[in-house]
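Chains U and C supply the protein sequences, listed in that same order.
This note's numbering applies: residue 1 is where the first sequence begins, and numbers increase by one.
This note's numbering applies: residue 1 is where the second sequence begins, and numbers increase by one.
None of these hints come from the bench; they were simulated from the model.
All residues carry an ideal CB built from backbone N, CA and C; glycine is no exception.
No false leads were mixed into what you were given.
Short derived list, chain C residues pointing at chain U, Cβ under 7 Å:
hint	residue
1	P94
2	G115
3	T116
4	G117
5	T120
6	V121
7	S246
FRET-style restraints, in silico, Cβ to Cβ:
hint	chain 1	residue 1	chain 2	residue 2	range
8	C	M145	U	N72	48 to 58 Å
9	C	N80	U	G160	40 to 50 Å
10	C	T250	U	S141	26 to 36 Å
11	U	D62	C	D207	35 to 45 Å
12	U	D131	C	P227	53 to 63 Å
13	U	P163	C	D207	48 to 58 Å
14	C	G109	U	V182	50 to 60 Å
15	U	D62	C	E243	18 to 28 Å
16	U	T66	C	E243	18 to 28 Å
17	C	V65	U	N72	54 to 64 Å
18	C	K205	U	T156	34 to 44 Å
19	U	G161	C	T286	51 to 61 Å
20	C	N80	U	D137	33 to 43 Å
Sample of chain U residues lacking proximity to chain C, with all beta carbon distances greater than 12 Å (derived):
hint	residue
21	T54
22	I57
23	G111
24	D125
25	V164
26	N178
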Amino acid sequence: MLRRKIFIAGLLPLLALPLMGESCTKEKLIFLAVGIDTTAGFVASGSTNVLDDTNQIDVKEDLDLTGVLDDNDIAAEEVNSVKVSRVYYRVTVPEAGRTITDGDVTIQRNGVSSPMALVSNFTGDASAATDWIEITDRLGSGAVTMLNTFMAECLTEAKGGAPVQNTTFTYSVTGTSNPVNVGTNFEWELKVSFLVDASQTVEVPEL
Amino acid sequence: MKLVDRWGALALAGIALMATSAHAQIEANLSSLEGDNAKGYLSPLATGLSSGLNSGIFRSGNVPVSGFNFGLEVKALLANFSDESRVYTTAETPGFASTEAPTLIGDTGGVTQSGTGGATVGYPGGFDMDRFAFAAPQLTFGSYMGTRAIVRFISVELGDSDLGDLSLFGIGAQHSISQYFKDLPVDVAAGLMYQKFKLGTDTVKADALAFNVTGSKAFGGAVSFEPYLGLGYDSLKMEAEYENSSLSETLNVDFDRQNDFHLSVGAGLNFPVIRLHAEFTKAAETGFAGGVSFGY
Numbered sequence: 001m002l003r004r005k006i007f008i009a010g011l012l013p014l015l016a017l018p019l020m021g022e023s024c025t026k027e028k029l030i031f032l033a034v035g036i037d038t039t040a041g042f043v044a045s046g047s048t049n050v051l052d053d054t055n056q057i058d059v060k061e062d063l064d065l066t067g068v069l070d071d072n073d074i075a076a077e078e079v080n081s082v083k084v085s086r087v088y089y090r091v092t093v094p095e096a097g098r099t100i101t102d103g104d105v106t107i108q109r110n111g112v113s114s115p116m117a118l119v120s121n122f123t124g125d126a127s128a129a130t131d132w133i134e135i136t137d138r139l140g141s142g143a144v145t146m147l148n149t150f151m152a153e154c155l156t157e158a159k160g161g162a163p164v165q166n167t168t169f170t171y172s173v174t175g176t177s178n179p180v181n182v183g184t185n186f187e188w189e190l191k192v193s194f195l196v197d198a199s200q201t202v203e204v205p206e207l
Numbered sequence: 001m002k003l004v005d006r007w008g009a010l011a012l013a014g015i016a017l018m019a020t021s022a023h024a025q026i027e028a029n030l031s032s033l034e035g036d037n038a039k040g041y042l043s044p045l046a047t048g049l050s051s052g053l054n055s056g057i058f059r060s061g062n063v064p065v066s067g068f069n070f071g072l073e074v075k076a077l078l079a080n081f082s083d084e085s086r087v088y089t090t091a092e093t094p095g096f097a098s099t100e101a102p103t104l105i106g107d108t109g110g111v112t113q114s115g116t117g118g119a120t121v122g123y124p125g126g127f128d129m130d131r132f133a134f135a136a137p138q139l140t141f142g143s144y145m146g147t148r149a150i151v152r153f154i155s156v157e158l159g160d161s162d163l164g165d166l167s168l169f170g171i172g173a174q175h176s177i178s179q180y181f182k183d184l185p186v187d188v189a190a191g192l193m194y195q196k197f198k199l200g201t202d203t204v205k206a207d208a209l210a211f212n213v214t215g216s217k218a219f220g221g222a223v224s225f226e227p228y229l230g231l232g233y234d235s236l237k238m239e240a241e242y243e244n245s246s247l248s249e250t251l252n253v254d255f256d257r258q259n260d261f262h263l264s265v266g267a268g269l270n271f272p273v274i275r276l277h278a279e280f281t282k283a284a285e286t287g288f289a290g291g292v293s294f295g296y
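Isolated chain U (complex conformation):
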């Protein structure tokens, strides 16, 4: 009797098979959206009451689109577009009672375009360190179009097309730190994220 029971118990994994539904698979298209961190490219800090900071960055190098796609197992051929998605700021070194007003960020693709407003009339509280705060509603359409065009060129290169030229951008941060008659000591950062539209064929089991 005991031997019989042990034998039956040993069959359990096999008996489980018909209870597990169909194992057939089906091809489906999945849309993927992947953000890209560009924090390193858009850092600004203010140490005077009137902010006026200009820097140059190589957006292609900072974004490393090919590396991002590799990290997410996305082939360049599967990508439909890469577009500006969201803009954020955060305060990393706060100062009590400090605010930023009339903040503007312009960006220029060197050798291609004139400066265009990326973020306009930005106001932020710098009295406490913050997580990323979205300010996409401050975005300027000209800069968005310029960046989207640039990313389309980067995607073309990633797909084996012509290498991208003029990859260096100049960005300028201006604004007022309040109160204006008191010395300031705070830092804040700006981040732009991009959306990657990709289509992949995956196998999804169904019942």
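Knowing the structure of chain U, use the given hints to seat chain C on it.
Just chain C now, kept in the frame of chain U:
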């Protein structure tokens, strides 16, 4: 990112969980979503798990008062998702109005939306699933003072980064109420079950608690037919943790506790050593459960 057919591996492990095959894609899709939207996207998983984990546990009100008995069982559950759970309303954010987007079980096509200045945001597609299937082994043994223990345990290491690990541990008990009322026309038992579910590297974690009262009556002798009715209360707490690629941060999403009444109506066919049962379930989702039990 591409998935392969892993049903064979799952079968060997003695478990099939529909959602697990979509795990890698879940992480990829979540990576572009922020807190509230991730919660909306995953919301059907909470109801699916609540129904899946808490069904098919108790199939009889007959718990012997004493003597050794045990059963080794395989339980299977099929929960049907409602059409409403295929979409969710995205959170309104600076620059973007709210819109409707697919949930995890919704249409495979994602949604893109234009916002201020021509910014574009994307909400990933789902996996176009109508049902949620779940199967797990279960061990019951007793009895001591009309009480038997119930244990579920599965740990599946699928061995690559696509799927990660899946684990389920459950422990519970069922206590005979009939022993206190000699003239009851049916067998009645109360049961309690706690389960801990984990998918991926802490991507989805859930704790489920089920309380149930089951009444049943067996007709026949060595081979018997045993209809049963179960009334209970399910409670499930789920949380998700994932890397948001836009913010380069790990985000934790806590879901509201899911509480549902649980009704099960079913019947068992009891042979010596082997027992079969099937039931209709109305809980967080409507579905069917069944199982095969070996024991005495």
